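S.K.: Protein sequence lines, in the order shown, are assigned to chains A and B.
Per this note's numbering, residue 1 is the first one in the first sequence, and the count goes up by one each step.
Per this note's numbering, residue 1 is the first one in the second sequence, and the count goes up by one each step.
These are calculated hints, taken from the structure and not from any lab test.
Since the structure is predicted, the reported quantities are computational estimates derived from the model, not experimental observations.
Glycine residues also receive a C-beta, built at the ideal position from the N, C-alpha and C atoms.
Treat the hints with care, as some may be off.
To be verified - The following residues of chain B were derived to be distant from chain A, with all beta-carbon distances above 10 Å: (1) V33; (2) V48; (3) K54; (4) I58; (5) M60; (6) A133; (7) F143; (8) I161; (9) M197; (10) S210; (11) D216; (12) A227; (13) A263; (14) S268.
Said to hold, decoys possible - Part of the chain B face toward chain A, derived, beta carbon under 10 Å: (15) D44; (16) L121; (17) L128; (18) K131; (19) S190; (20) R244.
As the list claims (entries may be wrong) - Listed next, the in silico DSBU-like pairs over lysine-lysine satisfying Cα-Cα at most 35 Å (straight line): (21) A:K432 <-> B:K54; (22) B:K64 <-> A:K82; (23) B:K189 <-> A:K157; (24) A:K439 <-> B:K140; (25) A:K31 <-> B:K38; (26) A:K63 <-> B:K38; (27) B:K131 <-> A:K242; (28) A:K296 <-> B:K140; (29) A:K439 <-> B:K54; (30) B:K38 <-> A:K439; (31) B:K276 <-> B:K64; (32) B:K140 <-> A:K432; (33) A:K432 <-> B:K38; (34) A:K432 <-> B:K64; (35) B:K64 <-> A:K39; (36) A:K432 <-> B:K189; (37) B:K64 <-> A:K439; (38) B:K54 <-> A:K236; (39) A:K236 <-> B:K64; (40) B:K38 <-> A:K119.
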Amino acid sequence: MMKKSIVLTLVLIFLSTTLIFSAGTKEDAAKEVYFLNFKPEIASVYEDKVAPAFEAETGIKLKVVTAASGTYAATLKSELAKSNPPTIFQTNGPVGLANSLNYVSDLRNTEFYKILSDKSMALTDGDRVLSIPYAVEGYGIIYNDAVMRAYFALPNKAVALKSPEEINTFAKLKAVVEDMTRNKDRLGIQGVFASTSMAPGNDWRWQTHLVNVPIAYEFRDKGIATGIETDDFDFKYANEMKQIWDLYLDNSTTARGLLGSKSVDDAMAEFALGQAAMVQNGNWGAAQILGVQGNKVADSDIKFMPIYIGVAGEEFDGLNVGTENYFCINSQVSSEKQKLSDQFLTWLFSSETGKAIVKNDLMFITPFNTFKDHELPSDPLAREVIRWMNKSGVTSMPWAFSVIPSGEWKNNFGADLDQYINGRMSWSDVAKRAVASWKVEYDLAH
Amino acid sequence: MDKTLRRWAPLFVLPALICFVIAFLVPMIMGFVLSFFKFSTVTDGVFVGWSNYKRIFIDMDFIKALWMNVRFTVVTVIMINILAFFLALLVTRGVKGTNIYRTIFFMPNLIGGIVLGWIWLLIINGILLPKNATIITDPKYGFWGLVALANWQNIGYMMVIYIAGIQTINKDLLEAAEIDGANSWIRLKSVILPSIMPAITICSFLTLTSGFKLFDQNLALTAGNPARQTEMLALNIYNTFYTRSNFEGVGQAKAVLFTILVAAIALSQLALTRQKEVEV
Chain A
1 MMKKSIVLTL
11 VLIFLSTTLI
21 FSAGTKEDAA
31 KEVYFLNFKP
41 EIASVYEDKV
51 APAFEAETGI
61 KLKVVTAASG
71 TYAATLKSEL
81 AKSNPPTIFQ
91 TNGPVGLANS
101 LNYVSDLRNT
111 EFYKILSDKS
121 MALTDGDRVL
131 SIPYAVEGYG
141 IIYNDAVMRA
151 YFALPNKAVA
161 LKSPEEINTF
171 AKLKAVVEDM
181 TRNKDRLGIQ
191 GVFASTSMAP
201 GNDWRWQTHL
211 VNVPIAYEFR
221 DKGIATGIET
231 DDFDFKYANE
241 MKQIWDLYLD
251 NSTTARGLLG
261 SKSVDDAMAE
271 FALGQAAMVQ
281 NGNWGAAQIL
291 GVQGNKVADS
301 DIKFMPIYIG
311 VAGEEFDGLN
321 VGTENYFCIN
331 SQVSSEKQKL
341 SDQFLTWLFS
351 SETGKAIVKN
361 DLMFITPFNT
371 FKDHELPSDP
381 LAREVIRWMN
391 KSGVTSMPWA
401 FSVIPSGEWK
411 NNFGADLDQY
421 INGRMSWSDV
431 AKRAVASWKV
441 EYDLAH
Chain B
1 MDKTLRRWAP
11 LFVLPALICF
21 VIAFLVPMIM
31 GFVLSFFKFS
41 TVTDGVFVGW
51 SNYKRIFIDM
61 DFIKALWMNV
71 RFTVVTVIMI
81 NILAFFLALL
91 VTRGVKGTNI
101 YRTIFFMPNL
111 IGGIVLGWIW
121 LLIINGILLP
131 KNATIITDPK
141 YGFWGLVALA
151 NWQNIGYMMV
161 IYIAGIQTIN
171 KDLLEAAEID
181 GANSWIRLKS
191 VILPSIMPAI
201 TICSFLTLTS
211 GFKLFDQNLA
221 LTAGNPARQT
231 EMLALNIYNT
241 FYTRSNFEGV
251 GQAKAVLFTI
261 LVAAIALSQL
271 ALTRQKEVEV
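Okay, chain A solo, but in the shape it has when bound (with noise of 0.2 Å):
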């Protein structure tokens, strides 16, 4: 009797798990797009605004995931172990993509690709095409023009300078924000630069986006390509950046023992509030500018300039203009769900509907030959992007950070700034670990 019932206890089991996981897979029948979105500022615009619309016009559904800022990587890897994985991911570049190959289907076939303007923004691997950019990004210092007029009107300032279109090196910006923080009482401004954000996760301003101003200057002088890889990295602008670096923490809102707990969303609200006169960021902050409630800054005044380190002839680099956003199908989906993914992608992208919602709510400078010049993003930062892109005489920077060899090496880096505004580290200590470690991951990685 004994035995029997242990027998009936297993055949149980077995019963109940085959239940359980076959109940998982039924799902997959669903007609739905999974999309895994990479910018949690606009995931309400997925699931408010695109999911429904798509519904409406194709019965098809969108289930938008998002990944908490800086964990990208970390949910995508588990949400393609599952048995209902996102059928849309994305990937910031090739370092990012070579850890996702087995996932990546061939776009060269699809509607998507079609209407990419210029075929080579997309990442291949020989005839493959694996992953098409679907919004190209700018960043640099973002200013209120507001408070920058009240400066250049003062009677006491202690520059030549008539407006902020003139500073384009950065001894002039050096100049002006001393003299704006020696005024800040009368400016009414808590610091000139918002808070330089070291809160866990909220590095990436520094650790990616301007170490990326020496980097790039680097691989010019080198004559490396954007995009190519290289184990070539000595830091050649490891002064210019601590230059650039000291500014924004002695000018800044905040202290520098406690900016271990700002967010960039506290850093886009201080400018926002017109706390802070300028701040280092991208056109995708237009909206955490907007959004803020009681936000105090006009429209019109919120402004571009590149981020000047003191290199020679940096009067003719322009803002930092590239992507780090790669839409990539996922080839381990069923055809038709990749199917259904690409008709999803084309339909955002070149619908009517679809480019209403980028044009206003995602605010993405678009890479595909759908959109009408009219069609263009109208939000302020966007369009500064367009004007430095199309500015004669300014080169735009490239986005060199796509090949920094690791994720690791960034959040050694980031920590190591960290401990470097804390005191508990030298500048050239930095520097020297930052050159170390970036060989040692480009070792790792091949």
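Once you've looked at the hints, dock chain B against the given chain A.
M.R.: This is chain B only, laid out in the frame that chain A set:
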């Protein structure tokens, strides 16, 4: 009756057994196997032998996390147990309103680790504000912040176990000791402590293992900052697995080492304190 019970026992064990198999046994075996594979998602890997175990030591992160973890665990095991024991003594003295105190002391244990981490982050950053510092300015702050949090969360729980232990002490024994002229220190040392050894065993086991397993609080309070100096083993494993590409297998190998290590420490602690337990 007994026979019927025995006959149907397997059936009643079934739900728990299924959960145990799905949520514990299968992942554990998979994890062990995966530590010998190179993979990026857990369903798809290539066998690489011991290479993941060798790669653990290409940097000192794991050792540093272990050392931080050992220091943290030593401090918290001692503090939590002593404080919990004295709180238990206080609330078993029959003073009015002790039930309310017991409840209040226990309550922090009901809050989840991430929430606690955020709450204490606010508190500690608030305290450090006049010094122009935050919890991640200096690893000292992070360390003591974690200690404070662990104490606050666990003392109430351990106190309940000690209360149960104290209540089982035979009153006659205490009275006899008192009549024999034992002062309160001797009563504590020679009567109370030996009688509650089982509670001490279980409490030190719980605090020891939870000290090593601490994860959410670590993640929410400091996330290992500054520069990984407050990163403990569980967080280190998580970071290796999730934030370093191509290191998933290494994270898994670390997890296997971690399991063996914690099991070894906990078992030797159990053996040690068991020896001291007395039959009354």
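S.K.: How about S190 of chain B: closest beta carbon in chain A under 10 Å, or not?
M.R.: 49 Å, violated
S.K.: Is the claim that A227 of chain B lies outside the interface with chain A correct, judged by CB distances over 10 Å?
M.R.: Since the minimum Cβ distance to chain A is about 4 Å, A227 of chain B lies within 10 Å and the statement is violated.
S.K.: If you take the shortest Cβ to Cβ gap from L128 of chain B to chain A, is it below 10 Å?
M.R.: Status holds, d = 8 Å.
S.K.: Checking one constraint from the list: CA of K38 of chain B to CA of K119 of chain A, max 35 Å. Satisfied?
M.R.: It holds: about 34 Å lies between the C-alpha atoms, which stays within 35 Å.
S.K.: Taking only the CA atoms, is the gap from K236 of chain A to K64 of chain B under or equal to 35 Å?
M.R.: It holds: about 31 Å lies between the C-alpha atoms, which stays within 35 Å.
S.K.: Within a Cα-Cα threshold of 35 Å, do K432 of chain A and K54 of chain B meet the stated pairing?
M.R.: Since the Cα atoms of K432 of chain A and K54 of chain B sit roughly 26 Å apart, the hinted pair holds (cutoff 35 Å).
S.K.: Holds or violated: are the alpha carbons of K140 of chain B and K432 of chain A at most 35 Å from each other?
M.R.: Measuring from Cα to Cα gives roughly 26 Å; hence the hint holds.
S.K.: Given a cut of 10 Å on the nearest C-beta pair, is the interface hint for L121 of chain B held or broken against chain A?
M.R.: At about 8 Å, which falls below the 10 Å cut-off, the nearest Cβ of chain A leaves the hint on L121 of chain B intact, so it holds.
S.K.: According to the definition I'm using, a residue is off the interface if its beta carbon is farther than 10 Å from all beta carbons of the partner; does A263 of chain B meet that for chain A?
M.R.: 26 Å, holds
S.K.: Is the Cβ of V33 of chain B farther than 10 Å from every Cβ of chain A?
M.R.: Holds, because the least Cβ-Cβ distance between V33 of chain B and chain A comes to about 15 Å, which exceeds 10 Å.
S.K.: Next pair to validate is K432 of chain A with K64 of chain B; report whether the Cα-Cα distance is within 35 Å.
M.R.: At roughly 21 Å apart (the allowed maximum being 35 Å), K64 of chain B and K432 of chain A satisfy the hint.
S.K.: Sort out whether K236 of chain A lies within 35 Å of K54 of chain B, counting only the CA atoms.
M.R.: Judged against 35 Å, a Cα distance of about 34 Å means the pair holds.
In this structure, the earlier hints numbered 4, 6, 12, 19, 23, 28 and 36 are contradicted, and the remaining ones agree with it.
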